[in-house]
Amino acid sequence: MLARHYIGESWKHGLLIIGALIVLIPFYMMVSMSLKSQQEIQSISGGLVGAQEIQTFPVCTKHGYTEEVCTMRPYKYNFWFAFKKAPIPRYLMNGLIVTVSIFLIQVLIALPCSYALAKLRFKGREFVFSMVLFCLLIPVHAIALPLYVMLAKAGLVDTYAALIIPWTISVFGIFLMRQFFMTVPDELIDAARMDGMGEYSIVWKVMLPVAIPALLAFAIFSVVAHWNDYFWPRIVITGNRDLFTPPLGIREFRGGIDSDEFGPMMASIVTVTIPLIVAFIVAQKRFVEGITMTGMK
Amino acid sequence: MGTISLKNINKSFGSTEVLKQLSLDIQDGEFLTLVGPSGCGKSTLLKIIAGLEQQNSGDVIIDDKNVNSTRASKRDLAMVFQSYALYPHLTVRKNLETPLKLRDYSFVERLPLVGNFVPSRKEKKKSIDDLVFKTSETLKITELLDRKPGQLSGGQRQRAALGRAMVREPVAFLMDEPLSNLDAALRVHMRSELSELHNSLKTTFIYVTHDQAEALTMSTRMAVMIDGELLQLDTPSEVYNNPSSLRVAEFVGSPKINTFAAQISSDGSVEFMGIKLERKFNTNSQKALVAVRPEHLEITKDSNKPAFEATVSYRENLGSDIFYHVQVDQSDSKIIVRGSPARLISNGETVRISPSHAEAMLFETSGERIR
Chain L
531 MLARHYIGES
541 WKHGLLIIGA
551 LIVLIPFYMM
561 VSMSLKSQQE
571 IQSISGGLVG
581 AQEIQTFPVC
591 TKHGYTEEVC
601 TMRPYKYNFW
611 FAFKKAPIPR
621 YLMNGLIVTV
631 SIFLIQVLIA
641 LPCSYALAKL
651 RFKGREFVFS
661 MVLFCLLIPV
671 HAIALPLYVM
681 LAKAGLVDTY
691 AALIIPWTIS
701 VFGIFLMRQF
711 FMTVPDELID
721 AARMDGMGEY
731 SIVWKVMLPV
741 AIPALLAFAI
751 FSVVAHWNDY
761 FWPRIVITGN
771 RDLFTPPLGI
781 REFRGGIDSD
791 EFGPMMASIV
801 TVTIPLIVAF
811 IVAQKRFVEG
821 ITMTGMK
Chain G
56 MGTISLKNIN
66 KSFGSTEVLK
76 QLSLDIQDGE
86 FLTLVGPSGC
96 GKSTLLKIIA
106 GLEQQNSGDV
116 IIDDKNVNST
126 RASKRDLAMV
136 FQSYALYPHL
146 TVRKNLETPL
156 KLRDYSFVER
166 LPLVGNFVPS
176 RKEKKKSIDD
186 LVFKTSETLK
196 ITELLDRKPG
206 QLSGGQRQRA
216 ALGRAMVREP
226 VAFLMDEPLS
236 NLDAALRVHM
246 RSELSELHNS
256 LKTTFIYVTH
266 DQAEALTMST
276 RMAVMIDGEL
286 LQLDTPSEVY
296 NNPSSLRVAE
306 FVGSPKINTF
316 AAQISSDGSV
326 EFMGIKLERK
336 FNTNSQKALV
346 AVRPEHLEIT
356 KDSNKPAFEA
366 TVSYRENLGS
376 DIFYHVQVDQ
386 SDSKIIVRGS
396 PARLISNGET
406 VRISPSHAEA
416 MLFETSGERI
426 R
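Residue numbers (this note's numbering), protein chains in the order written: chain L, 531 to 827; chain G, 56 to 426.
The hints are simulated quantities; they were obtained by calculation from the structure and are not laboratory data.
We put the CB at the ideal spot given by N, CA and C, even for glycine.
Heads up, a few of these hints could be off.
[To be verified] Partner residues aside, some chain G positions facing chain L, computed with beta carbon under 7 Å:
{"#": "1", "residue": "Leu107"}
{"#": "2", "residue": "Phe136"}
{"#": "3", "residue": "Ser138"}
{"#": "4", "residue": "Thr153"}
{"#": "5", "residue": "Pro154"}
{"#": "6", "residue": "Ser375"}
Using the sequences and the hints given, assemble the complete structure.
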């Protein structure tokens, strides 16, 4: 009886483990390749970390460094050369500026909107809300071209503004926060009004602190989406390398004379991914809460 | 001062009329209870007084000032809510300070950081601290001041919510079923505390409840509201003993009052269930309803007393009292009779029931009282 139970459970777990492996293997390869030398990568040998023999790297000397400088262990070389070849800290900084600005402005706009949609009575409220739902259905790619033309006409191509402005109104954020505010009792708002707060004070001093869990969930959605976004930055950042976001930066490692040197390329990808992984681990519980709370994605 | 008067208040949500031409005068320092079944509009009325809801027509007058267009916070009223509505992210102390800061501080003084440098703020802060401390002493919540609402029990939250209302020293307190989230024992205890608080503050209390026991025990006057209309406004004993209509008589009192069909002869004498009432009534109707409270019906063995026969179908033992649900033999109606615990009667037994003539009330079939 008990054994049967375990067998019944184990096939489920087996299936889940296989699923997890499929997701994890690319990650494993990324980390492994960022540590190994080019020969080990090409011959698919050396396990996770490779032999880590001290060697001189030809691509490095081709770039004009002395042989002495170019002699080191592969893991060190991959990360050192990645940072030498592209201004990765700059890219990370750009990513940070863009994602944080987007998130803050999204909150600034979404909170009052969702408060009004959830708690204020006005004519046409249901219509406005149905428009919000409708906007959820529009894919970015469909409106990319008109957006680009608008930004180009305004002379904003190749600026931070081009990266940020199109995302500042998040209908998903408005929808998510509206659903959350619906669960906040009206009495709390009435109490704040009796105490003398205006509607904006209520939004920032009462609703915002109450909504922290929902906001954190939204923060993760928003930051992950825009940190990883390749499509939009690729369109509006045409030349200025100083404005490259991390995904655009990784592209730097493709092409050119040393296009097939995977070690430094993978090292740069690891560097770009680490902030998100750390953020995810820190906020893991909230993230899962957020997804289950909205029942979306 | 805290006189509040409402003149011809009308309110409807969409096509549903919630309040119909309601007028009400509340005197300074009284404990007025608005009581009625759920959905009768009593909470809406309270919100209209508070300024949280706008009436469609009619006037709200506080201390001889028309406040129709005055914002909720400027009406100098404080409200206690059923769910307490404490700010969950602030400590009890901050919860109590909030209304005072919003009232006393200027815009600049309220600013974070910058506010600290305004010299007048220090004095105001001192007086706020004093008020918060004094209030917490009165309510015995001093040791809870640094906790958040989530760490408090229901009764403690209730006190904190009362405290937040009290610190402002308002002209009147508005309470929207403040005790209904508490357990039974605590509710009875808080009733007496609220009454004591009212006695010591001597401020006007307007208290909304659907629980007629709360209304009967605490209020100076109670206003019975049913379907958006004010049916009777009087002292609890007057409402209980002398209801103006059958609806009031049926709502107030537990168990519910018993009604019997009655015939009226041309000389004004009333007969029901084969019993002739001693009193005569002045009315033209021929049919009416006699209403008698359970405690005014007596189970008797005395065959000389006018009485009717009934069969006990269910016995409700409350310890101090026993209520018998009895099936009247001549008709199919069920009534409730209070019996004494001295003699228990078992289900199925036939008893003789005799009404107290002085306490029987007569109503028109439409519900108006015949005196």
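So, going through the hints one by one against the coordinates:
Given the 7 Å rule on beta carbons, the hint for Leu107 of chain G holds: about 5 Å separates it from the nearest Cβ of chain L. The beta carbon of Phe136 of chain G is positioned within 7 Å of a beta carbon in chain L (closest approach about 4 Å), and the interface hint is therefore held. Checking Ser138 of chain G against chain L: minimum C-beta separation of about 5 Å stays under 7 Å; hint holds. Contact between Thr153 of chain G and chain L, as hinted, is supported at the beta carbon level, the nearest pair being about 5 Å apart and thus within 7 Å.
Taking 7 Å as the C-beta cut-off, the interface hint given for Pro154 of chain G holds, the closest approach to chain L being about 4 Å. The beta carbon of Ser375 of chain G comes no nearer than 37 Å to any beta carbon in chain L, farther than 7 Å, and the hint placing it at the interface is violated.
The structure fails hint 6 only (numbered hints given earlier).
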